[in-house]
Amino acid sequence: MIREMSSLSRVGLLLVSLSLVGCTNPFSPDASKAGVYKGATDTLVNNADERAASLSERFELIQKR
Amino acid sequence: MARMKFLCDAERCIECNGCVTACKNEHEVPWGVNRRRVVTLDDGAPGEKSISVACMHCNDAPCQAVCPVDCFYTTDDGIVLHDKDLCIGCGYCFYACPFGAPQYPQQSSFGARGKMDKCTFCAGGPGEEDLSDAEYEKYGRNRIAEGKLPLCAEMCSTKALIAGDGDEVADIYRERVLRRGGRPQTWGWETAYDQQG
Numbered sequence: 003m004i005r006e007m008s009s010l011s012r013v014g015l016l017l018v019s020l021s022l023v024g025c026t027n028p029f030s031p032d033a034s035k036a037g038v039y040k041g042a043t044d045t046l047v048n049n050a051d052e053r054a055a056s057l058s059e060r061f062e063l064i065q066k067r
Numbered sequence: 054m055a056r057m058k059f060l061c062d063a064e065r066c067i068e069c070n071g072c073v074t075a076c077k078n079e080h081e082v083p084w085g086v087n088r089r090r091v092v093t094l095d096d097g098a099p100g101e102k103s104i105s106v107a108c109m110h111c112n113d114a115p116c117q118a119v120c121p122v123d124c125f126y127t128t129d130d131g132i133v134l135h136d137k138d139l140c141i142g143c144g145y146c147f148y149a150c151p152f153g154a155p156q157y158p159q160q161s162s163f164g165a166r167g168k169m170d171k172c173t174f175c176a177g178g179p180g181e182e183d184l185s186d187a188e189y190e191k192y193g194r195n196r197i198a199e200g201k202l203p204l205c206a207e208m209c210s211t212k213a214l215i216a217g218d219g220d221e222v223a224d225i226y227r228e229r230v231l232r233r234g235g236r237p238q239t240w241g242w243e244t245a246y247d248q249q250g
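Those sequence lines, one after another, are chains F and E. Under my numbering, the first residue of the first sequence carries the number 3, and numbering increases by one thereafter. Under my numbering, the first residue of the second sequence carries the number 54, and numbering increases by one thereafter.
Just so you know, the hints here were simulated from the structure itself, not pulled from any lab data. Just to be clear, a hint being listed does not mean it is correct.
[Said to hold, decoys possible] Facing chain E, from chain F, some residues (calculated, C-beta under 8 Å):
1) Ser8
2) Arg12
3) Gly37
4) Asp44
5) Val47
6) Ile64
Yeah, the Cβ is synthetic: ideal placement off N, Cα and C, and Gly gets one too.
Input sequences plus hints: build the corresponding full structure.
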């Protein structure tokens, strides 16, 4: 009886440990560099050259009068 | 590469607040938030001077340096913008800014701060598609994407407020100073106050 119980508990332990395998979470903190923008991207950030001509034209038209 | 800057010519500003009104109207800025305002020194006294102040889009922006969640960034043409999804409304940028540019809409009782709001140089903001309703709702009009300059400067009746590439703005101001010969250019100044210079 004791042997049967122990084998049952061994199986039980094995099942419990197997069921917990997926619950572990590898700990790796997000080491973010201070002062570096972490928000969403803005399409205006990198295409300044494309806008430069039209903005310069607008400046001549409106601001330089 | 152009670096966008504002410049307010104190000799030309007549404190009409047209820039303030234009800004509020264009972006539908909430009550209590002023992205731009006109400051007058020696108000009512001869020689009073007014300047229109908003975010100056600093090269080395102190708001950007102190932000604990790093929600600020600078575009290639020098416009300082921030992500309202990241902002926690802590107010550090308000203390750091020498121009008092960051503003906080009151969203609840007990004076709790909402997300920071400031002048975007009419360039919208991140995370939303350019010229979309979502972007307008969050950051206001994106005139830069439309190929236009900030409305406050475009609306200025005396051309006191200039917005554009820093070099070109500086050239205009330099030319004005030379033309004035060191004297105020305000119409009626000498007649009204009997003052020279």
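Do the hints match the structure? See the list:
no.	hint	verdict
1	Ser8	55 Å, violated
2	Arg12	51 Å, violated
3	Gly37	6 Å, holds
4	Asp44	4 Å, holds
5	Val47	5 Å, holds
6	Ile64	5 Å, holds
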